[in-house]
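*Asks:* Protein chains in written order, with this note's numbering: chain B, 1 to 111; chain D, 1 to 119.
No wet-lab data here; the hints were simulated from the structure.
For each residue, glycine too, the CB sits at the ideal point set by N, CA and C.
Treat the hints with caution; some may be incorrect.
Covered stretches of chain D, as calculated for chain B (at least 3 residues, CB under 8 Å) [to be verified]:
1. 35-49
2. 105-116
In silico EDC-like links for lysine to aspartate or glutamate, alpha-carbon gap of 20 Å or less [claimed, not checked]:
3. D:K64 to D:E87
4. D:K14 to D:D88
5. B:K52 to B:D67
6. B:K98 to D:E52
7. B:K98 to D:E59
8. D:K41 to B:D11
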Amino acid sequence: DAKTTQPTSMDCAEGRAANLPCNHSTISGNEYVYWYRQIHSQGPQYIIHGLKNNETNEMASLIITEDRKSSTLILPHATLRDTAVYYCIASSISGTYKYIFGTGTRLKVLA
Amino acid sequence: GAVVSQHPSWVICKSGTSVKIECRSLDFQATTMFWYRQFPKQSLMLMATSNEGSKATYEQGVEKDKFLINHASLTLSTLTVTSAHPEDSSFYICSARHRTLGGHTDTQYFGPGTRLTVL
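Construct the complete structure from the given sequences, taking the supplied hints into account.
*Replies:* Printed below as a string of structure tokens:
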């Protein structure tokens, strides 16, 4: 499974878009990019995932570069409840399908 | 969405005792479940992969005789911490693999976690 790297922390003003980058330069062709977030003392919450096309759901948008070496999670209108640690994971559903968590990005939404 | 529960949500036990944590997929069947451990201010660390009806696969450095995993049904996996010691105090989180029929990939859904404190 490819390793991912993310900035340690980011701040975002409430109501503004939060753009969280992730680098996965060693990703293989059959590995998907998954995003989760973890609010303090809770289990990770699934946000979105994708392979190569951009994806959008009710929570966020996922932009994957054409070479698939990096991606950006976009929270279009951040609220205080979006304050959390965000994890980007690359994993393949074939084989072991393990998730290897990196350090994640601690997003703080400021009022 | 797919829901995963854990029980108990927190437990305090004496050193040397064993503690069992249950992980259930409530609205889907999961042939594969995963167990993670998280220490304060650290990321999740995968401990083992639990497959229904077969032995669990443990990550390097995780003692299989200390962390017993049973996945007896498609909706239940259990983690038993045997002879617990204070250094086993941690946040234990399970996840279940949700297979999407006709969808384009699988997704892991996580339980709320169990906080274990060993005195």
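*Asks:* Taking the hints in turn, state whether each one holds.
*Replies:* Hints, one by one, checked against the model:
1. 35-49: Per the Cβ count (6), the hint holds.
2. 105-116: Answer holds; 10 residues pass the 8 Å Cβ test.
3. D:K64 to D:E87: Holds, because 16 Å separates the two Cα atoms, which is no more than 20 Å.
4. D:K14 to D:D88: This hinted pair holds, its Cα atoms lying about 11 Å apart.
5. B:K52 to B:D67: 9 Å, holds
6. B:K98 to D:E52: The given pair, whose Cα atoms are some 16 Å apart, holds under the 20 Å limit.
7. B:K98 to D:E59: 10 Å, holds
8. D:K41 to B:D11: 18 Å, holds
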